[in-house]
Amino acid sequence: MLEIKNLHVKIAEEDKPILKGIDLVVPKGEVHAIMGPNGSGKSTLAYVLAGRDDYEVTDGDILWNGESILEMAPDERAASGVFLAFQYPMEIPGVAGLTFLRTAANAVRRKRGKEELTTPEFMKLVKQKAGELNIDVDMLKRPVNVGFSGGEKKRSEILQMALLEPTLCVLDETDSGLDIDALKVVSDGVNALRSPERAMVVITHYQRLLNHIVPDKVHVLAHGRIQRSGGKELALELEKSGYAEFGEKAA
Amino acid sequence: MTVAVMKTKAEQSFAEGFSEVQEKLPGSTAVRAIREEAAQRFAELGLPHRRIEEWKYTDLRNQVKDALPPRSGEKVAMTIADVIVALGPLAHVDAHRVVFVNGSHRPELSSPGGLAGVNIQSLASALETAEGGNAAIAGIASQHSDAVMALNTAYMSDGAVVQVEAGAALDKPLMLVHIRAGKAPCFAAVRNVIEVGAKASARIVEAFVSLPGAAGDGQINTVTQVNVGEEAVVTHVKVAADAGEGVTHLSNWMSRIAKSAEYRGFQLTQGVNLARNQIRIDFDGEDAKLDLSGVFLGRGSDHIDTTLVVDHAVPSCESRELFKGVLDGNARGIFQGKIIVQQAAQKTDGKQMSQALLLSENAEFDSKPELEIFADDVVCGHGATCAELDKDLMFYCQSRGIPAEIAKVLLIESFIGEAVDQIDDEAIGEAVMAFARGWLS
Ligand SMILES: Nc1ncnc2c1ncn2[C@@H]1O[C@H](COP(=O)(O)OP(=O)(O)OP(=O)(O)O)[C@@H](O)[C@H]1O
Ligand SMILES: [Mg+2]
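Protein chains in written order, with my numbering: chain A, 1 to 251; chain B, 252 to 692.
Only chain A is shown next, with the shape it has when bound in the complex:
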């Protein structure tokens, strides 16, 4: 279970507060969607979950399976099951995709006390998962994400997720930039990972995604706080009314 308690976050080098008291609980087995206007702090929340040090937690706590993860380095969080699919996946020139995936998969396996994958085992796994996501394995011989289209980058994030077998999946606008078919493929990939052992946080601007990945709950994040929570029908309502009602009163 993910428990976010009264989380206050500011940018490490400035005094600008971004998250101003987030409370959110995502039990295992559930998918929660977070929607909200541009600049409201959704990606910030995602980064803070993953441990990016550009941000400073000034108050509150994040518990994963009952333990605070705030003091854990990003790689330790990854080993304990946290995975963030980036809104803007990064390019790593000079590091071949397969090398990156294998280094990551084995680093995580080591920390989880599992055997490392041999090259044939790893290749078999990659081929299978890449196939499911319509990713050409040849693309993975190229440097990580370099020259990938927007949609290809998003699919490559989901491939990483599938290989790392996380238990807390945070997807930051994984749907933006995907064409209609790719949206289906990626959603199927995400749905395949849904299990009673996994919690998922899906950040999106579009109700459309939630037709594919049906959430248990929808939260509206605006001005650094969860302003409203509801069922999947909340997304439909937002689609019509927009975020106007969260404008003035919130700040």
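One should not assume that every hint holds.
What the hints assert, rightly or not - No more than 30 Å apart at the CA atoms, straight line, and that leaves these computed lysine-lysine pairs for DSS-like:
(1) A:K141 - A:K129
(2) A:K10 - B:K659
(3) B:K642 - A:K153
(4) A:K124 - A:K153
(5) B:K326 - B:K260
(6) B:K434 - B:K450
(7) B:K316 - B:K450
(8) B:K275 - A:K111
(9) B:K619 - B:K602
(10) A:K10 - A:K184
(11) A:K111 - A:K20
(12) B:K450 - A:K129
(13) B:K659 - A:K141
(14) A:K114 - B:K659
(15) B:K434 - A:K127
(16) A:K20 - B:K642
(17) A:K184 - A:K217
(18) B:K326 - B:K434
(19) A:K10 - B:K642
(20) B:K275 - B:K260
(21) A:K124 - B:K434
(22) B:K659 - A:K153
(23) A:K240 - A:K20
(24) B:K642 - A:K5
(25) B:K423 - A:K141
(26) A:K141 - A:K28
(27) A:K16 - B:K434
(28) A:K153 - A:K217
(29) A:K129 - A:K232
(30) A:K153 - A:K129
(31) A:K184 - A:K141
(32) A:K129 - A:K111
(33) B:K258 - B:K434
(34) A:K28 - A:K127
(35) A:K141 - B:K619
(36) B:K642 - A:K114
(37) B:K510 - B:K423
(38) B:K619 - B:K316
(39) A:K111 - B:K316
(40) B:K642 - A:K141
To be clear, the hints were calculated from the coordinates, so they are not data collected in a lab.
Let chain A serve as the given structure and place chain B with the ligands on it in line with the hints.
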């Protein structure tokens, strides 16, 4: 009135040392005379210092505290197994080896037999003949001689004189292995003279390595002269990967590229406390191509200087330079790259880039690119960057479970990989990468 400059301890020892060993150095009477002249020249010039423009970042007068004695006459007991240990990752490259220890040829440690299409002689024996001595001394090396080169001419004890026959395609790389060995610190001056005939193709590796247990200190002064014949294709790689604490590596590459030839040079420098890699390239015929790259890795108080001059004297040639450095601790990296495009050299295409990655606040990189262009129809450019490890990429790797130390190595490898990839021989490239990886971990 002339003011006598005070000689430093090192300058004095190099000058006095010469008279002690001069008799034991190889060479005909003519060669002896040239050595003496060079020693005289060195005595006049002294070690280069920062008031000489090209040496403003690397003040040898200050940084070379003393001269170590040459020990080319003393034989350190070694086996082929030792050579393999000293070569490290380069031992995996299937090559024809010619081995030198502390500046002396060791045939018994070298690959038996010959290499088809090549004539290889030791410099020591070549210097005994008028013809060989001439080839070694009268070439381009003599035209751009500075104090460091003069020191080499005076003291050079051995090396390889290599002639690749016209039209020959070597089926294996030729590896010239220079090993530092033995408990006694020493100075070794070596010279390799390489002639590649027209339309021939050759891969040549120069390795400067040490045997585990070798003295922590050492001084190497090496000169390599390469003549790339018309339409020849040459890959030339120098690996200076020592393990000592106080090793000085002074090197000079002097290469001349003939018409329509292709010359790909690469230099790796690591584990060396003080390095000055000078490279001088002369284009001698049209439509020739140069691809020069390098990686330098420094930490602690390492000081690694690459200073190159590419002289486009003829039209329609292409030159590329890409040098990458990784500097940690108090290490200092220097890159000086001068591209000269003479008036006649129309249609020259020259690009140069130097990049450094600084891993600590105290590391420093100085870059001085220079373009001297006298022709009007040319495309030339240069750039230099200096950066720290990309924090965002570090986070991206770590968020995928890759621990910081491994992520760091991965990113550094990718940084230098771009330069290492310029080596068009997979096995050699892999060995170079393995050296770098060894240094990183
Ligand atoms: N590293 C940073 N430095 C400065 N400002 C930042 C930084 N990160 C986030 N911000 C600011 O914090 C606010 C929240 O940004 P965030 O990226 O979390 O928004 P978002 O909800 O994900 O928006 P979008 O829907 O456009 O992706 C914005 O005003 C943004 O400019
Ligand atoms: Mg965002």
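Going down the list of hints, with the structure as the test:
Note on K141 of chain A and K129 of chain A: the hinted pairing holds, with a Cα-Cα distance of about 15 Å set against a maximum of 30 Å. Between K10 of chain A and K659 of chain B the alpha-carbon distance is near 27 Å, which keeps this suggested pair within the 30 Å criterion. For the hint linking K642 of chain B to K153 of chain A, the alpha-carbon distance of about 20 Å falls within 30 Å, and the restraint holds. For the suggested pair K124 of chain A and K153 of chain A, the alpha carbons sit about 21 Å apart, so the restraint of at most 30 Å is met.
With a CA separation close to 27 Å, the supplied pair K326 of chain B and K260 of chain B stays within the 30 Å bound. For the hint pairing K434 of chain B with K450 of chain B, the CA-to-CA distance comes to about 45 Å; that exceeds 30 Å, so the pair is violated. Taken as a hint, the K316 of chain B and K450 of chain B pair is broken in the structure, with Cα atoms around 46 Å apart against an allowance of 30 Å. Between K275 of chain B and K111 of chain A the alpha-carbon distance is near 62 Å, which puts this suggested pair outside the 30 Å criterion.
Between K619 of chain B and K602 of chain B the alpha-carbon distance is near 14 Å, which keeps this suggested pair within the 30 Å criterion. As the CA atoms of K10 of chain A and K184 of chain A are separated by approximately 36 Å, the hinted pair breaks the 30 Å bound. At most 30 Å may separate the alpha-carbon atoms for a hinted pair to count; K111 of chain A and K20 of chain A exceed this at roughly 34 Å. Pair hint K450 of chain B plus K129 of chain A does not hold up; C-alpha atoms about 49 Å apart against a cutoff of 30 Å.
The straight-line distance between the Cα atoms of K659 of chain B and K141 of chain A is roughly 20 Å, inside the 30 Å bound, and the hint therefore holds. With a C-alpha separation of about 24 Å, the suggested pairing of K114 of chain A with K659 of chain B holds against the 30 Å cut-off. Between K434 of chain B and K127 of chain A the alpha-carbon distance is near 54 Å, which puts this suggested pair outside the 30 Å criterion. For the proposed pair K20 of chain A and K642 of chain B, the alpha carbon gap of about 26 Å is at most 30 Å, so the pair holds.
Distance check on the hinted pair: K184 of chain A and K217 of chain A sit about 21 Å apart at the alpha-carbon level, within 30 Å; holds. Pair hint K326 of chain B plus K434 of chain B holds up; C-alpha atoms about 12 Å apart against a cutoff of 30 Å. As the CA atoms of K10 of chain A and K642 of chain B are separated by approximately 18 Å, the hinted pair is consistent with the 30 Å bound. Of the pairs offered as hints, the one joining K275 of chain B and K260 of chain B holds, with about 23 Å between alpha carbons and a cut-off of 30 Å not exceeded.
Under the criterion of a C-alpha separation no larger than 30 Å, the hint pairing K124 of chain A with K434 of chain B is inconsistent with the structure, at around 52 Å. For the proposed pair K659 of chain B and K153 of chain A, the alpha carbon gap of about 23 Å is at most 30 Å, so the pair holds. A C-alpha spacing of about 27 Å is found between K240 of chain A and K20 of chain A, which places the hinted pair at or below 30 Å, so the restraint holds. For the given pair, K642 of chain B sits about 28 Å from K5 of chain A by alpha-carbon distance, which is consistent with the 30 Å threshold.
Distance hint between K423 of chain B and K141 of chain A is fulfilled; the C-alpha atoms sit about 28 Å from each other, no more than 30 Å. Taken as a hint, the K141 of chain A and K28 of chain A pair is broken in the structure, with Cα atoms around 35 Å apart against an allowance of 30 Å. A distance of roughly 62 Å separates the Cα atoms of K16 of chain A and K434 of chain B; the hinted pair therefore is violated under the 30 Å criterion. Proximity of K153 of chain A to K217 of chain A is assessed by CA-CA distance (about 27 Å); at most 30 Å being required, the pair is judged to hold.
With a CA separation close to 29 Å, the supplied pair K129 of chain A and K232 of chain A stays within the 30 Å bound. Restraint check for K153 of chain A and K129 of chain A: satisfied, since their Cα atoms lie roughly 15 Å apart, inside the 30 Å limit. Distance restraint check for K184 of chain A and K141 of chain A: the Cα-Cα separation of roughly 25 Å lies within the 30 Å cut-off, and the hinted pair is therefore satisfied. Taken as a hint, the K129 of chain A and K111 of chain A pair is honoured in the structure, with Cα atoms around 22 Å apart against an allowance of 30 Å.
With a C-alpha separation of about 29 Å, the suggested pair K258 of chain B and K434 of chain B falls inside the 30 Å cut-off, and the hint holds. Note on K28 of chain A and K127 of chain A: the hinted pairing holds, with a Cα-Cα distance of about 29 Å set against a maximum of 30 Å. Taking the CA atoms of K141 of chain A and K619 of chain B, the gap is about 36 Å. The hint is violated against a cut of 30 Å. Between K642 of chain B and K114 of chain A the alpha-carbon distance is near 29 Å, which keeps this suggested pair within the 30 Å criterion.
In summary, the hint linking K510 of chain B to K423 of chain B is supported, as the alpha carbons are separated by about 25 Å, within the 30 Å threshold. Among the hinted pairs, K619 of chain B with K316 of chain B is consistent with the structure: their alpha-carbon atoms are about 26 Å apart, no more than 30 Å. The straight-line distance between the Cα atoms of K111 of chain A and K316 of chain B is roughly 49 Å, outside the 30 Å bound, and the hint therefore fails. With a C-alpha separation of about 24 Å, the suggested pairing of K642 of chain B with K141 of chain A holds against the 30 Å cut-off.
In the structure shown, a violation is registered for the earlier hints numbered 6, 7, 8, 10, 11, 12, 15, 21, 26, 27, 35, 39, in ascending order.
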